[in-house]
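Student: Each chain, written out:
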Amino acid sequence: MSGLTIFFVIYAYVAIAVFILGFLYRIWKFGKTPAPLKIDQTPAPTSDGGVVGRMILEVGVFKSLLKSNRIIWLFGYMFHIGLFLALLKHFRFFFAYGPGWIAYITTFEIYAGLIMLFGLIMLFVLRLVVDRTAFISVMNDYLLLILLAAIASSGLIIKHFSRTNLTTVKEFILGIVSFNPQEMPSEVMFIIHISLVFLLFIYFPFSKLMHSGGVFFSPTRNQVDNPRDRRWVNPWGKAPENIEIASNMTQDEG
Amino acid sequence: MAETADTAAEQEEVLTDQDIVTGAKEPSLKPADVKAPELTGDIQIPHLVKGAMAKSKCHAAKPETMEAMGFPGRLVDNWEEAAVKKLGELLTKYKSLQVYLDICVRCGSCTDKCQFFLGSKDPKNMPVARADLLRKVYKKYFTTEGKIFGSLAGAAKLDLELLGEWYTYFHQCSQCRRCSVFCPYGIDTAEISMAAREIMDSIGIGQKYVNTVLVKLHEIGNNLGMNPKALKATMESTEEDIQEEDGVAVKLPVDQVGAEVLLITPSADFFATPHIESLIGYAKVFHQAGISWTLSSTASEAGNFGMFIGSYEHMQKAAMRIRKAIEELKPKRLIVGECGHAWRIAYAFWNTMIGPLDNSLGLKLEYPRPQHICEYTLDLVERGAIKLDKSANDDVIPTFHDSCNVARATRMGDRPGGQFEIPRALINAACNRYVEMDSDTIKEKTFCCGGGGGLLSDEILDVRVQGAMPRMQAYHAIKEENGANFFALICAICKAQFTKVFPKYGIPMIEVGGIHQLVAKAIELGAKE
Ligand code: HEM
Ligand code: SF4
Ligand code: SF4
Ligand code: SF4
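Line by line, the protein sequences give chains A and B. Under our numbering, think of the first position of the first sequence as 3, with each following residue one higher. Under our numbering, think of the first position of the second sequence as 137, with each following residue one higher.
Be a bit skeptical, because a hint or two may be false.
Dumping the calculated BS3-like pairs for lysine-lysine here, alpha-carbon to alpha-carbon at most 30 angstroms [as the list claims (entries may be wrong)]: (1) B/Lys283 - B/Lys293; (2) B/Lys198 - A/Lys210; (3) B/Lys283 - B/Lys344; (4) B/Lys221 - A/Lys210; (5) B/Lys171 - B/Lys344; (6) B/Lys293 - A/Lys34; (7) A/Lys65 - B/Lys579; (8) B/Lys460 - B/Lys229; (9) A/Lys210 - B/Lys276; (10) B/Lys222 - A/Lys34.
Hint data in this document are derived by calculation from the structure and do not stem from the laboratory.
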């Protein structure tokens, strides 16, 4: 095995481990932190099923964002949809024989990449030119957009301009997932692309990208509006019997 | 020259850390000097004016007050360490805090949604910027990203300057949750500002208004410090007033054991104008429905400022008075008067904090526990148990301000959105000429009055007047368009706030009133067919 391969095999396993363990840890933490009170933002669904529906709309079409700001919604949605399709399409690298629907998605894959990249560029521009978002942005907000744009661009270049042999790429990835490492392709664009992807993996659990898991734990969105019908118990709250209050409760006949 | 430099140095020497944070030695605001923005009917998104509100600080609570609340009297010496420790504790107790500090992507969607930003143009009043004041500290002390990247990730050390900004801007948030509606993850800046206030109290810097009121509430049972005797006397004289005006013996009973209904209402209803008009409305409704009811002299407050300082313990302790009153007076039903944050606490929190509110306390299960007075009255109207003569209000063209706490944190009736429909249906049952403000300013998108969340204090009248701007523009527009002349409310704080800020905007304060004030005018008293 070449030095390049050894390096990338280690890098791959570290990145994947950090990503999976880090993500799970953060989700576990969101999950175990108690929610003492009902703070759903009303009008809210009055049943569990309703909450599932609310979540599907938030995650599927960014409903609150749509209500709020059509421009951010448009570019944000383009980016996420592009990302989603691009991810789906990457599945073909994980299967020796990809299911048919992935081949179908592959037919419009160039659009996925372009939409994602365009969305990212516009989000970057918006961040810079709107005085309000420029005020709140910190360096990592910009760097993250640049990282994602670099991933998308290098991906598009590999696919459409370079001569990377996708069969060797597939062998390398299958090798990683089956714990049977294969030779790393040495094409420069691919090296850049996969290095950045692993960097993203490592950064992911430490960053605001955790919104992808955290949104499901948002109490204003995931609680059922039924506090009069079902008592919500605060796991760390004192029982009312144990609360002392000032002793002027005797009545004053005057 | 040398002399002035010396005096300046001397002055600086006497400034303690506490003074710097709370701006105690700064010249204080003269309410009379506060000018309102111009009314055009439009709500414009302003360009940023950095630091516009940096000097608008609430008065700090006195050491005695802080100690009575169980907080340190003054800013403690090791405040940085103590604040970080408290933040760590809160992170393990509140999912909202943990999740919301972590997942904001700074997309900017909430930046133009807060009335305090729209009115003041100060960028630190943008919800995400406000939350970032705490998030910075969270990142610095609790996250790997912040420890590695520092300010590149927006992390910052909690220093005196930042603490001063906390004190300023977390007291320019009315905890109205408007930002949460528009955030893709529902990030609720109210939760963040509650946590920040709880941390500040725990290190010895509390706001005067809220803490002073809470001390009275804990000691006497209401925010005004009105003792049981005074309450009874006031209710008797109100009975006489009604007798004189309407010639009907409507009662305002206090501490009647075994009455069917226990009414918990904000203490402002007992004497403030226009609040008392609504109290008279409730009394007439109970009278005409022929139901026995009572107030409690020891649980004579629906409001509960424990929420404003983010303190579960104080909120629960204040609410306990209501449970005690239920135990003593043994009512079958529990009804809550017109008050925004109080209805939130009653509707969403009572069952958790002082419950279960059920037959174990003698309450009847067939009624909502608790029930909002608007739900109760509208039901009577719909069943024909009371009659309203709409023509009595023909001089009135009312519009309705959805109180933010009611709109975004509670419900009335069985269906989501009942909190919007029921008050409107009740106004429509009492009047012929209801008009609606711009749809972007009502229901779940309603603006706060600008005085909620513990901001109802005159030293920050500038904040309150600016915070009211979006609502005032919408009211101005409907006045121009449809001649609206009555601003119907269901919140004691809203009522107090608008009676104060209407004149600043050149609108007579007589236009402010409660829904039950309209009911009181329209209700047909006397024998039922
Ligand atoms: C459950 C899945 C997800 C949901 C519901 C979701 C939703 C959102 C929403 C509503 C926004 C704000 C609008 C915007 O700025 O685009 C956002 C921002 C963002 N999302 Fe996601 N997202 C998800 C997964 C992901 C993933 C997997 C990534 C990256 C690997 C990602 C990267 C980003 C980035 C970088 C931003 C900030 C864009 C900016 O800087 O303006 N998201 N997400
Ligand atoms: S809308 Fe939500 S995610 Fe976006 S900046 Fe505001 S708080 Fe953060
Ligand atoms: S809760 Fe209300 S006042 Fe506070 S930041 Fe959000 S919109 Fe502004
Ligand atoms: S006073 Fe009224 S509008 Fe203002 S915060 Fe309270 S409920 Fe909301």
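Student: Between B/Lys293 and A/Lys34, does the CA-CA distance stay at or below 30 angstroms?
Tutor: holds, 28 angstroms
Student: Given the hint that B/Lys171 pairs with B/Lys344, does the C-alpha gap stay at or below 30 angstroms?
Tutor: OK: B/Lys171 and B/Lys344 at ~24 angstroms, within 30 angstroms.
Student: Under the criterion that the straight-line Cα-Cα distance not exceed 30 angstroms, is the pair B/Lys221, A/Lys210 satisfied?
Tutor: holds, 23 angstroms
Student: Are the Cα positions of B/Lys283 and B/Lys293 separated by 30 angstroms at most?
Tutor: Distance of about 11 angstroms is within 30 angstroms: holds.
Student: Taken at face value, is the distance from the CA of B/Lys229 to the CA of B/Lys460 at most 30 angstroms?
Tutor: OK: B/Lys460 and B/Lys229 at ~27 angstroms, within 30 angstroms.
Student: Within 30 angstroms, alpha carbon to alpha carbon, are B/Lys283 and B/Lys344?
Tutor: violated, 35 angstroms
Student: Straight-line Cα separation of A/Lys210 and B/Lys276 no greater than 30 angstroms?
Tutor: holds, 15 angstroms
Student: Does the alpha-carbon distance linking A/Lys65 and B/Lys579 stay inside the 30 angstroms limit?
Tutor: Measuring from Cα to Cα gives roughly 17 angstroms; hence the hint holds.
Student: Run the distance test for B/Lys198 versus A/Lys210: straight-line Cα separation, threshold 30 angstroms.
Tutor: violated, 40 angstroms
Student: When you check the alpha-carbon spacing of B/Lys222 and A/Lys34, does it fall within 30 angstroms?
Tutor: Holds - the C-alpha atoms of A/Lys34 and B/Lys222 are around 19 angstroms apart, at most 30 angstroms.
Checked against the numbered hints above, the structure breaks hints 2, 3 and satisfies the rest.
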